[in-house]
Amino acid sequence: MAGVTPKTVSRALNDAPHVSDTVRRKVKEAAAALDYHPNLAAQSLIARRSFLIGLTYERPSPSYVVELQNGALGRLESGRYRLVVLPFNHVASRPDELGRLLLRAGLDGALLAPPACDQPELLDILDRQKFPYARITPHSDLDRGIVVAMDEVAAAFSIAEHILALGHRDVGIILGDPSHAASRSRLEGYRRAFAAAGVSIAESRVVTGDFTYEVGYRVARELLDRNPRPSAILAQNDDMAVATIAAARDLGLSVPGDLSVAGFDNSEVSRTTWPQLTTVNQPVRQMAWDAADRLIARLDGEEAAPTSQRRDHSHDLLVRASTARPHGS
Numbered sequence: 012m013a014g015v016t017p018k019t020v021s022r023a024l025n026d027a028p029h030v031s032d033t034v035r036r037k038v039k040e041a042a043a044a045l046d047y048h049p050n051l052a053a054q055s056l057i058a059r060r061s062f063l064i065g066l067t068y069e070r071p072s073p074s075y076v077v078e079l080q081n082g083a084l085g086r087l088e089s090g091r092y093r094l095v096v097l098p099f100n101h102v103a104s105r106p107d108e109l110g111r112l113l114l115r116a117g118l119d120g121a122l123l124a125p126p127a128c129d130q131p132e133l134l135d136i137l138d139r140q141k142f143p144y145a146r147i148t149p150h151s152d153l154d155r156g157i158v159v160a161m162d163e164v165a166a167a168f169s170i171a172e173h174i175l176a177l178g179h180r181d182v183g184i185i186l187g188d189p190s191h192a193a194s195r196s197r198l199e200g201y202r203r204a205f206a207a208a209g210v211s212i213a214e215s216r217v218v219t220g221d222f223t224y225e226v227g228y229r230v231a232r233e234l235l236d237r238n239p240r241p242s243a244i245l246a247q248n249d250d251m252a253v254a255t256i257a258a259a260r261d262l263g264l265s266v267p268g269d270l271s272v273a274g275f276d277n278s279e280v281s282r283t284t285w286p287q288l289t290t291v292n293q294p295v296r297q298m299a300w301d302a303a304d305r306l307i308a309r310l311d312g313e314e315a316a317p318t319s320q321r322r323d324h325s326h327d328l329l330v331r332a333s334t335a336r337p338h339g340s
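Residue numbers for the sequence shown follow our numbering, so the first one is 12 and each next one is one higher.
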């Protein structure tokens, strides 16, 4: 009906590149008229591939996971590949176990989110088996394989600079999971901003969370129960920042009247909490989409495999209602 070869039909239905929009539209219109649906099992047998792509991550915040999954699914939904979600904890102490899991799961490739993307032992295992992967926001070996990154040091610098520009000098900091390189990168960004402003960070004002609301609330209470309490708190993700706002309210404090709070990620919770959260936009969904797109191009042989395939995404500082000048200034 579309007047093209079977190979072109296959490429058009799978949204492969190098097919014109006109041909793609004709093929899909013909398929719809015939009520045709590709048989993925048959495709797998013929190609000797599973058309499954894994996504692995370690117990980050629910908001982050949703953004990761939606980004990857957004790229996969219209084609023949399907997503297999493989959460895996404590990868730093058992990278070999995760490597075996990925290699035995029948996957064609995998998307590696933090902290798996920063585990050299895991990457060595996958490279030895020539297993394709894409790394999302790694912080080391940035020229190794497909890399989709963002400068988290610069992003953290920008939000700390905003807090300091408002006049805050007594600032609390809630770190994320210390096993994640992102925690160290964001702290480095804070330190650089404070140094540029000639302000020191009091180590007694730095507490460790794990990127979750529950632990964020507990350590925020620790900071706010101290006398004097900080006038602002920088949390390394939005979930912990929202927990900080809740902790402040439970103590009868207003945000931002008594306490300014800033997060990181621009997850949905930052926009639905009240007051809306000042944060840094980390385009997690777009980065996951990009990583999936480039991995698929590699799997389909449409993109070469040079030593490095790094692509950087930009961040944005989003100033909302949760930050203001210190009370009385």
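Since the hints were made in silico from the structure, they are not lab data. In this text, a Cβ means the ideal position worked out from N, Cα and C, and glycines have one as well. Please note: incorrect hints may appear among the correct ones.
[What the hints assert, rightly or not] What follows is a set of in silico ranges between Cβ atoms, one per label pair, in the way DEER data are often shown:
1. Leu112 with Asp152: 44 to 54 Å
2. Leu264 with Gly85: 12 to 22 Å
3. Asn81 with Glu225: 19 to 29 Å
4. Glu233 with Ser89: 21 to 31 Å
5. Arg282 with Ala213: 29 to 39 Å
6. Ala207 with Glu40: 50 to 60 Å
7. Thr16 with Asp162: 20 to 30 Å
Outcome of the hint check:
1. Leu112 with Asp152: 44 to 54 Å: violated (21 Å)
2. Leu264 with Gly85: 12 to 22 Å: violated (39 Å)
3. Asn81 with Glu225: 19 to 29 Å: holds (24 Å)
4. Glu233 with Ser89: 21 to 31 Å: violated (47 Å)
5. Arg282 with Ala213: 29 to 39 Å: holds (31 Å)
6. Ala207 with Glu40: 50 to 60 Å: holds (58 Å)
7. Thr16 with Asp162: 20 to 30 Å: Because 45 Å falls outside the window, the suggested range is violated.
Checked against the numbered hints given earlier, this structure breaks hints 1, 2, 4 and 7; the rest are met.
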